[in-house]
Amino acid sequence: MSTTDPILVVDGVVRAFGGVHAVDGCSFTVADGSITGLIGPNGAGKSTMVNLIAGALRPDAGTINFDGHDITGLAPHKVAELGLIRTFQISREYPAMTVMENLMVSPLRQVGEGLMTALFAPRRYRQQELELVARARGILAAFGLEHMRDEYAGSLSGGQKRLLELARAVMAEPKMLILDEPMAGINPALVDRICEHINEIRSSLGVTFLIVEHNLDVVERITDHVVVMAAGCALATGTMAELRENEAVVNAYLTGGASDARAAR
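Residue numbers (UniProt numbering): 1 to 265.
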């Protein structure tokens with residue numbers, strides 16, 4: 001279960017494109033150790049919000065705080081170095097590299113990335129390489145991909161690429177994972193597997209999740225808490241059971257929720 005302290009605080013964030021406010025004064029928190037859902041109708045601003053948190057976009061106003069650090073407008077690689085890792089709606093594997101190689105490039109700040117260390121501290125480099133290989137094989141085994149470690153990532157099925165992307169994210173040793181529609185386009189059996197992996201990663205590694213997902217049954221099944229966005233704002237928060245009884249949330253899914261979102265401010 002989650003703690004009560006937030007690891008992520010989004011406060012009054014605004015982002016406009018050509019005068020259109022994709023995110024308009026959005027505020028919410030994600031509790032440390034929680035699995036939090038981020039839902040809303042198409043055009044609600046969810047993907048823009050994820051890009052703002054992950055550093056792919058800079059907000060026009062407001063602040064974003066992660067694990068005690070102000071990450072507002074911070075570059076994506078700097079956000080990742082703090083332990084906030086995201087995945088994408090469309091898997092972004094390295095297709096010409098093997099499954100194993102895809103995992104091996106995921107850890108941040110590897111010893112071998114520095115030329116001087118690689119040249120003058122080869123023992124340290126080799127030791128880390130052995131440790132990373134062992135960890136990567138363990139993660140691949142946990143995700144049922146170990147037998148495919150020498151296959152090119154581009155040859156995997158869509159579902160296998162989803163598993164690989166989640167495995168790569170775990171390899172980076174995150175404090176928090178943002179998953180952008182992880183269940184999109186995959187079969188029900190794989191949905192069940194990914195749900196199990198998410199729960200296992202949270203329970204065994206203490207990773208916090210923020211999950212953007214349109215499958216509300218999945219959201220109800222695995223989340224502790226849910227944030228509903230509409231018209232660029234956080235319209236409501238609560239459990240899925242509570243939100244199903246919230247008239248403003250129901251209207252948002254039927255109408256897009258712009259008037260309800262403005263009224264909720």
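There could be a bad hint or two in this list.
[Unchecked claim] Result set (EDC-like, lysine to aspartate or glutamate): computed pairs, CA atoms no more than 20 Å apart in a straight line:
#1 Lys175 to Glu245
#2 Lys175 to Asp192
#3 Lys175 to Glu196
#4 Lys78 to Asp67
#5 Lys175 to Asp70
#6 Lys175 to Glu165
#7 Lys175 to Asp224
#8 Lys175 to Asp5
#9 Lys175 to Glu247
#10 Lys175 to Asp32
#11 Lys78 to Asp192
Don't read these hints as lab results, they were simulated from the structure.
*Hint numbers not upheld by this structure, sorted from lowest to highest*: 1, 2, 9 and 11
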